[in-house]
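Participant: So you can see what is in the structure, the chains are spelled out below.
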Amino acid sequence: MSTETMVCLKGVIKHFDTITALRGINLELKRGCCLSIFGPNGAGKTTLLRILATLARPSAGTVHIAGYDAVKEAEKVRPLLGVLSHRTFLYGHLTAYENLQFYGRMFGLKKLAERITEVLHVVDLATYTHQLVRTYSRGMQQRLAIARAILHYPQLLLLDEPYTGLDKHAVNRLHNLILRLHSESCTIIMSTHDLHHGLDVCDEIAIQYRGKIVYRGLSLGIDVQEFEQLYSAYVG
Amino acid sequence: MCKNSNNFIALMSGSKIFLQQVLALLAKDLKTEWRTREIFTSMFVFAVLVVVVFNFAIGADTELIRQVASGVIWIALSFASVLGLQRTGQMESEEDSLQGVLLALHDRSALFIAKMLAQMVYLLIVALCTLPLCGMWFHIDFIACIGELGIVFMLGILGLSIVGTLFAMITLHTRAREVMLPMLFLPVSVPLTIASVYATAQLIAGMTLRDNAGYLSLIGVFDIVFFTLALLVFDYIVEE
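Chains as they are written, first to last, in our numbering: chain A, 1 to 236; chain B, 1001 to 1240.
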């Protein structure tokens, strides 16, 4: 595996009792790239992202992130990851500042107060710093979740259906944030059903179906209609 | 030599991160509880209700009340503990916060220790608030043996917190969590509860800690065994 490679999966299989969620996933992604994974519900996208996030162990196969074995060296991999899902991982009874302060302390960040101010500005929540998170709108909570995910300068962002449950305005704000992070050379893997935004942000696309990556290619030059045809051809 | 010193530095650095994460988790739990007072209120009200109900059920027989008082106190603490553990688990399930914590942990045992310490704090406060009421209703002078009782309560509550936190995390993602937690926690904590009840009763009756060495040893062994077991299996418990 070259030093340019951020993510390398070989023959990853995942069983849940009698169900096989992943059936031999092989995937390699270079540093700074953005990969959007599309696929129907039950294709195994979330399971794949959970394995990359060290939240689940593969039943077979190997997972390497930035050269580390994500199973055996999970404690070295975790600080490199920023994870955003449609659940925010935030505590409603704490303020935005307190939530970020908690996660910052967990990662042992230096100059934490400055960093919190910085990320709250990035997600445009600086004026709501000391407001309880449970009083935030869904869109604000998702933006704060982005702040949480990028707080510790992660090298790899894993985004699992980040646009779910957001209105059009909130989706656009979140999308612009993801574009900004990508432009700052952050490696991103995103699973989404949103073809328009998913295609817009990524360099590479993959279609996952029934636990396998059935298509992988560059996103350059593919528009939504073309991709819909391609998607239908693989998924039906 | 150099390799050994590098290993030592890595170990110290690991310990520092571990301690830092335990403190961050504990501070977060206590701050949330200070703001909402949900866990303490439910635990305290329940513990007081248990004591009141037993007080009425036993009636005016002062001698009988004195005999069962220690049992009533520990039953109240054990059942109140279940309420606290369920709410703690619920707090981590809302918005899937537990996943966020797991992503930040260097060593997942930090989560167990922080949760256990938080539970211990809640139980100690509930015990501190309930004991004077028990003393008043059951006509027992706890002040006379407060230091020795303190040791028994510390060890007993530590055991309840260890076993409770372990089972709370095991049942966190089960469908019938509210039923599963007491079904697992209460039977397993029976040896601890019995030893704590007898030790408390004997101290109230005027005996010393030395007279209770057997019960204290049982509580101590229980705490050590379950603490070690919890540290060994916790990584697998929170995995999926």
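Certain hints may be false.
[To be verified] Each computed DSSO-like pair below joins lysine-lysine, with the alpha-carbon atoms no more than 30 angstroms apart:
| no. | chain 1 | residue 1 | chain 2 | residue 2 |
| --- | --- | --- | --- | --- |
| 1 | A | Lys111 | A | Lys168 |
| 2 | A | Lys212 | A | Lys10 |
| 3 | A | Lys30 | A | Lys10 |
| 4 | A | Lys10 | A | Lys76 |
| 5 | A | Lys76 | A | Lys110 |
| 6 | A | Lys72 | A | Lys212 |
| 7 | B | Lys1016 | A | Lys110 |
| 8 | A | Lys168 | A | Lys72 |
| 9 | B | Lys1016 | A | Lys10 |
| 10 | B | Lys1016 | A | Lys76 |
| 11 | A | Lys168 | A | Lys110 |
| 12 | A | Lys72 | B | Lys1031 |
| 13 | B | Lys1031 | A | Lys10 |
| 14 | A | Lys111 | B | Lys1031 |
| 15 | A | Lys10 | A | Lys72 |
| 16 | A | Lys72 | A | Lys30 |
| 17 | A | Lys10 | A | Lys168 |
| 18 | A | Lys76 | A | Lys212 |
Since the hints were made in silico from the structure, they are not lab data.
Participant: Against this structure, judge whether each hint is valid.
Facilitator: Outcome of the hint check:
{"no.": "1", "hint": "A:Lys111 / A:Lys168", "result": "35 angstroms, violated"}
{"no.": "2", "hint": "A:Lys212 / A:Lys10", "result": "12 angstroms, holds"}
{"no.": "3", "hint": "A:Lys30 / A:Lys10", "result": "15 angstroms, holds"}
{"no.": "4", "hint": "A:Lys10 / A:Lys76", "result": "20 angstroms, holds"}
{"no.": "5", "hint": "A:Lys76 / A:Lys110", "result": "18 angstroms, holds"}
{"no.": "6", "hint": "A:Lys72 / A:Lys212", "result": "24 angstroms, holds"}
{"no.": "7", "hint": "B:Lys1016 / A:Lys110", "result": "14 angstroms, holds"}
{"no.": "8", "hint": "A:Lys168 / A:Lys72", "result": "41 angstroms, violated"}
{"no.": "9", "hint": "B:Lys1016 / A:Lys10", "result": "35 angstroms, violated"}
{"no.": "10", "hint": "B:Lys1016 / A:Lys76", "result": "16 angstroms, holds"}
{"no.": "11", "hint": "A:Lys168 / A:Lys110", "result": "36 angstroms, violated"}
{"no.": "12", "hint": "A:Lys72 / B:Lys1031", "result": "34 angstroms, violated"}
{"no.": "13", "hint": "B:Lys1031 / A:Lys10", "result": "44 angstroms, violated"}
{"no.": "14", "hint": "A:Lys111 / B:Lys1031", "result": "22 angstroms, holds"}
{"no.": "15", "hint": "A:Lys10 / A:Lys72", "result": "15 angstroms, holds"}
{"no.": "16", "hint": "A:Lys72 / A:Lys30", "result": "22 angstroms, holds"}
{"no.": "17", "hint": "A:Lys10 / A:Lys168", "result": "37 angstroms, violated"}
{"no.": "18", "hint": "A:Lys76 / A:Lys212", "result": "27 angstroms, holds"}
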